[in-house]
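Peer 1: Just so you know, the protein sequences line up as chains A and B, in that order. In terms of this note's numbering, the numbers along the first sequence are unbroken and rise by one, the last being 317. In terms of this note's numbering, the numbers along the second sequence are unbroken and rise by one, the last being 412.
No lab work stands behind these hints, which were simulated from the structure alone. Incorrect hints may appear among the rest.
[As the list claims (entries may be wrong)] Label-pair ranges, simulated between beta-carbon atoms:
| # | chain 1 | residue 1 | chain 2 | residue 2 | range |
| --- | --- | --- | --- | --- | --- |
| 1 | A | M154 | B | A144 | 25 to 35 Å |
| 2 | A | N134 | B | K100 | 21 to 31 Å |
| 3 | A | L138 | B | L167 | 42 to 52 Å |
| 4 | A | P128 | B | A96 | 18 to 28 Å |
| 5 | B | D213 | A | P119 | 28 to 38 Å |
| 6 | B | G223 | A | N134 | 41 to 51 Å |
| 7 | B | G175 | A | R226 | 53 to 63 Å |
| 8 | A | G22 | B | D161 | 24 to 34 Å |
| 9 | B | A96 | A | P119 | 44 to 54 Å |
| 10 | A | R226 | B | L167 | 20 to 30 Å |
| 11 | A | M5 | B | A144 | 54 to 64 Å |
| 12 | A | E207 | B | G175 | 17 to 27 Å |
| 13 | B | S61 | A | G22 | 35 to 45 Å |
| 14 | A | M5 | B | D334 | 28 to 38 Å |
[Claimed, not checked] Among chain A residues calculated to face chain B with C-beta under 10 Å, some are:
| # | residue |
| --- | --- |
| 15 | E93 |
| 16 | G96 |
| 17 | A100 |
| 18 | F142 |
| 19 | A143 |
| 20 | G229 |
| 21 | R230 |
| 22 | A239 |
| 23 | I241 |
| 24 | S245 |
| 25 | P265 |
| 26 | E273 |
| 27 | R276 |
All values derive from a computational prediction rather than experimental measurement. Note that CB positions come from ideal geometry on N, CA and C, so glycine has one too.
The chain contents come next:
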Amino acid sequence: MTLYVLRRLALSVGVLFGLAVVTFFMIHLVPGDPVQLALGGRGTPEAVAEVRGQLGLDRPLLTQFGDFLGGVVTGDLGLSVAQNAPVTEIIGQRLAPSAILIVYGLFVALVIGVPLAIIAALRPNGVVDNGIRLVTTFAFAMPAFWLGLMLALIFGLSLKWFPVSGYESGIGGILRTLTLPAVTLGLSLAVVVVRTLRSSLLEVLQTEYIDAARSRGLGEWRVVGRHALRNAVMATITVLSVDIGFLIGGTVVVESVFQIPGAGSLLVESVRARDYELVQAIALIAGAAVVLLSLATDLLQATIDPRVRLAKR
Amino acid sequence: MTAVAQDLPGVADATTDALLSVDGLRVEFGPADAPLVAVKDVGLTIAPGEIVGLIGESGSGKSLTCRSIMRLIGAPGRVTAGTVDFEGRDVLAMSSKELRDFRAHDVGMIYQDPFSSLNPVMRIGDHLRETLRANRGMSKAEARAEGIALLERVGIPDPERRYLSYPHELSGGMRQRVMIALATASRPRLLLADEPTTALDVTTQAQILDLLTDMRRELGMAVLVVSHDFGVIAQVCDRVCVMYGGHVVETGPVERIYADPQHPYTKALLDSVPDMESAGNPVRREGIPGYPPELTDVLPGCVFAPRCAHARPGCTSVPMVLQPVDAAAPDAGSTACPVRPFSVGGPFDPVAGSPPDPVAVPVSPQPAAATAAMTAAETAARAQTGDPGDLPAPGEARITQPTDQESTR
Ligand SMILES: Nc1ncnc2c1ncn2[C@@H]1O[C@H](COP(=O)(O)OP(=O)(O)OP(=O)(O)O)[C@@H](O)[C@H]1O
Ligand code: SF4
Ligand SMILES: [Mg+2]
């Protein structure tokens, strides 16, 4: 296991480095001068030169890259030209709502999806199974922004259980302001959980070790919830980790619907403002998040299934 | 000679003090209005502490019979008739709570492939601990100690270390030992072993069979051993049930069946395994020609007729009913073939298509009752007169021997 973790960590560091290289050179090697663009193309040569000096863009490329890497490691991602403030600081304020939203959304998806998948798998093609399929398909067919608006309308405006927009920190604030967005995000993801988990549960339930567990007199919940689930979650974890990109995209939409000042809406703003440093930093962070999550997924799977540790060595 | 169709109960070797008695068991698949019947009117008894073998070719319904005893037939399969009686309790009528209790305490089961019958993501110890805690109400620490003791009892070296191993870290033989430890953890009175040694090499096979007989002696446990290998059955069993096409076609003590099979299928099965006496210089044996029936084949009369070397006209109207082999000795078992002794007259010649030599077929002392059963006397009479009216018409040509002599396995 230790060996597996070390290998997997080394791989992740490699990918992260590659990610840094790609983001850096994408910005610096594409035709067009980011400073010119940032100044709206109206900057005088002097002004451009000054900003370039300020940002260190007049130095050799490799020196800049070294600085950039050093900055990444120490958490300094440069200056935002448009907002004239350190990128790390700007992102720092906006990252928490998004991260919490994603985790909360994932939690909602699992809380809804896992029990439904088990219930559906206990009596496949029964009335309940078909009902679950109908409802989840319906939820999946609704675009996230529309689902979000409907939820805001019902639980926010009519029932007044939750505010319809904004963000507050602290547990109470998070529960109040992020529940509807998280449900919006989680519902469409719950469909994915129900679908994959149900089908892999059904597959696992055909196996002999399930039969053997039943033959030892173990109860049905124990057989399905313990013996079958532990084998069946692997596929779901994989699908969810692949879907993490979808989650990040979904966050951008949901943040706009509920006007949450998160990284998603920051990305939209900075693209609109052509704030390259900021876009680059957000891309880097989003990429890093995906890499770290896939690392976490692999470690989780290796913990659950001992054979993964052998197979993926 | 033996009376052919006497008015005796179908299951001659049923004992009143049986541990398990299965009767009239029927297992179906497919639509209810046009079912595919995989197990037909199967009866079986096991006395306390007895080892009974269930033998037959692939697809004969051995596993389904075995599973029915534990009510483990999964959809779309279903038991549509019969009773499974365990110590006076009807297993098929148990509530789910009673059924769990029955599975937990009274009966255990092991499978053909010990790798797929252990959960790959759980340690050996997790399996044992879970079972011991659920079925014997042990604490964590007690379950651990008992689990290790169980592993030791089934002959697993270094049980403390193996307790922490995952199934894939063990060899096939070791995994089967673990399965035996698990299945016998609550000292059941009956162990169902569905081809327990088929996936193992010969040496390991012998060790596992030894272990099973040891455990039987130690725990006083009855065992039902499913196999398609007569060698395995002969080594451990007291009695044997031979299955063909979803029916039990012969039952009896292993020695009698081995020395004097009373059903052509049993005979063919015995002839197809290497002679045990001449293990050192195996005689090349022939397989049974033709193929076992498909579930979709509904055969009139004797199910074995299409492949039977001794089939005669009229076999297609013989009911599949077990008759005692010897009315005077109920312990000798029973057979579903009314043509006895079938072997007299020599094998059926598929090329010439000639009927078996009728001369030696003895005349039964009393004719059959009003059943459709054909008596040996009738057979003899018909064959002697060469009455063509009773020869199989093309429509019922099933009785003719398949021309391909290919072995089934
Ligand atoms: N789920 C199922 N659906 C349809 N038919 C089935 C199913 N399970 C078993 N059968 C059929 O029932 C018949 C008997 O099956 P069973 O597993 O009892 O055979 P077996 O004697 O144990 O053979 P083997 O030696 O191959 O294990 C077979 O013809 C098989 O095709
Ligand atoms: S009844 Fe006829 S076909 Fe069937 S086993 Fe006996 S001799 Fe063969
Ligand atoms: Mg089988």
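Peer 1: For each hint, tell me whether it holds in the structure or not.
Peer 2: Going through the hints against the structure:
1. Judged by the Cβ atoms, the range 25 to 35 Å given for A:M154 and B:A144 is violated: they are separated by roughly 54 Å.
2. For A:N134 and B:K100, the Cβ-Cβ distance of about 29 Å falls inside the hinted range of 21 to 31 Å, so the restraint holds.
3. Between A:L138 and B:L167 the Cβ separation comes to about 46 Å, which falls inside the hinted range of 42 to 52 Å.
4. Here the CB-CB span from A:P128 to B:A96 is close to 26 Å, well matched to the stated 18 to 28 Å.
5. In this structure, B:D213 and A:P119 break the distance hint of 28 to 38 Å, their C-beta atoms being roughly 47 Å apart.
6. Restraint check, B:G223 to A:N134: a C-beta distance of roughly 50 Å satisfies the suggested window 41 to 51 Å.
7. At about 27 Å, the beta-carbon gap between B:G175 and A:R226 misses the expected band of 53 to 63 Å.
8. For the hinted restraint 24 to 34 Å between A:G22 and B:D161, the CB-CB distance of approximately 46 Å leaves it violated.
9. Against the hinted window of 44 to 54 Å, the Cβ-Cβ separation of B:A96 and A:P119 comes to about 32 Å, which falls outside the hint.
10. The supplied range of 20 to 30 Å is met by A:R226 and B:L167, whose beta-carbon atoms lie about 22 Å from each other.
11. Distance hint for A:M5 and B:A144: a CB-CB separation of about 26 Å, inconsistent with the stated range 54 to 64 Å.
12. Separated by about 24 Å at the C-beta atoms, A:E207 and B:G175 satisfy the suggested range of 17 to 27 Å.
13. The hint said 35 to 45 Å for the Cβ distance between B:S61 and A:G22, and at roughly 54 Å that hint is violated.
14. Against the hinted window of 28 to 38 Å, the Cβ-Cβ separation of A:M5 and B:D334 comes to about 59 Å, which falls outside the hint.
15. Below 10 Å, beta-carbon pairs count as interface contacts, and A:E93 has none with chain B, the closest being about 45 Å; its hint is therefore violated.
16. With 10 Å as the threshold, the beta carbon of A:G96 stays out of range of chain B, its nearest partner Cβ sitting at about 40 Å, so the hint is violated.
17. With a least beta-carbon distance of about 35 Å to chain B, the hint placing A:A100 at the interface is violated under the 10 Å criterion.
18. Nearest Cβ of chain B to the Cβ of A:F142: about 28 Å, over the 10 Å cut. The hint is violated.
19. Given the 10 Å rule on beta carbons, the hint for A:A143 is violated: about 29 Å separates it from the nearest Cβ of chain B.
20. The beta carbon of A:G229 is not positioned within 10 Å of any beta carbon in chain B (closest approach about 12 Å), and the interface hint is therefore violated.
21. A hinted interface residue such as A:R230 counts as satisfied when its beta carbon comes closer than 10 Å to some beta carbon of chain B; here the least separation is about 8 Å, so the hint holds.
22. Evaluation of the A:A239 hint against chain B yields a violated restraint, the C-beta minimum of about 13 Å exceeding 10 Å.
23. Because the closest C-beta pair between A:I241 and chain B is about 13 Å apart, greater than 10 Å, the hint is violated.
24. Because the smallest distance between the Cβ of A:S245 and any Cβ of chain B comes to about 18 Å, over 10 Å, the interface hint for this residue is violated.
25. Look at A:P265: its Cβ only gets to about 42 Å from chain B, farther than 10 Å, so that hint breaks.
26. Contact between A:E273 and chain B, as hinted, is not supported at the beta carbon level, the nearest pair being about 46 Å apart and thus beyond 10 Å.
27. Residue-level restraint check for A:R276 is violated (minimum Cβ-Cβ distance to chain B is 48 Å; threshold 10 Å).
Checked against the numbered hints given earlier, this structure breaks hints 1, 5, 7, 8, 9, 11, 13, 14, 15, 16, 17, 18, 19, 20, 22, 23, 24, 25, 26 and 27; the rest are met.
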